[in-house]
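A.B. asks: Model the full structure from these sequences, guided by the hints.
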Amino acid sequence: MAITKKPLVHEMESALQKFIQAAPDAPRMAKPARQPKAAEEDGVQITLRLSKEQLERLTKMAKRQGIARASYIKRAVFLQLEGDEAK
1 MAITKKPLVH EMESALQKFI QAAPDAPRMA KPARQPKAAE EDGVQITLRL SKEQLERLTK
61 MAKRQGIARA SYIKRAVFLQ LEGDEAK
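The numbering of the sequence shown is full-length UniProt numbering, which starts it at 1 and goes up by one.
Hints are computed from structural coordinates only; laboratory data are not their basis.
It cannot be assumed that every hint is accurate.
Derived DEER-like restraints, expressed as beta-carbon distance ranges [stated by the list, open to error]: (1) Glu-56 / Phe-78: 16 to 26 Å; (2) Ser-51 / Arg-75: 18 to 28 Å; (3) Leu-8 / Glu-85: 51 to 61 Å; (4) Gln-54 / Gln-17: 36 to 46 Å; (5) Arg-57 / Ala-22: 46 to 56 Å.
This structure is a prediction, so every number in the text was calculated from the model and none was measured.
Ideal Cβ placement from N, Cα and C applies to all residues, glycine included.
C.D. replies: Next up, the structure:
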């Protein structure tokens, strides 16, 4: 048995794309590239510094409600804003 060199990842992906494009329904199956959600929403990314305990509490509450931690944080911020603006 001959010893062969493991193909590089980009070579494998290139071969996979060629294989997919050769399929009879390839043009119909092609999807346009999506932009990241942040670009779609015109959002601004920020950084928060929290203690590990605070982060664990946030994660626990988000999981309990079945939502992502980032969604939980966004909701909490906007609920607080609404409350403050109502005063």
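A.B. asks: Could you run down the list of hints and mark each one as holding or not?
C.D. replies: Taking the hints in turn, this is what the structure says about them:
no.: 1; hint: Glu-56 / Phe-78: 16 to 26 Å; result: holds (22 Å)
no.: 2; hint: Ser-51 / Arg-75: 18 to 28 Å; result: holds (21 Å)
no.: 3; hint: Leu-8 / Glu-85: 51 to 61 Å; result: holds (55 Å)
no.: 4; hint: Gln-54 / Gln-17: 36 to 46 Å; result: holds (44 Å)
no.: 5; hint: Arg-57 / Ala-22: 46 to 56 Å; result: holds (52 Å)
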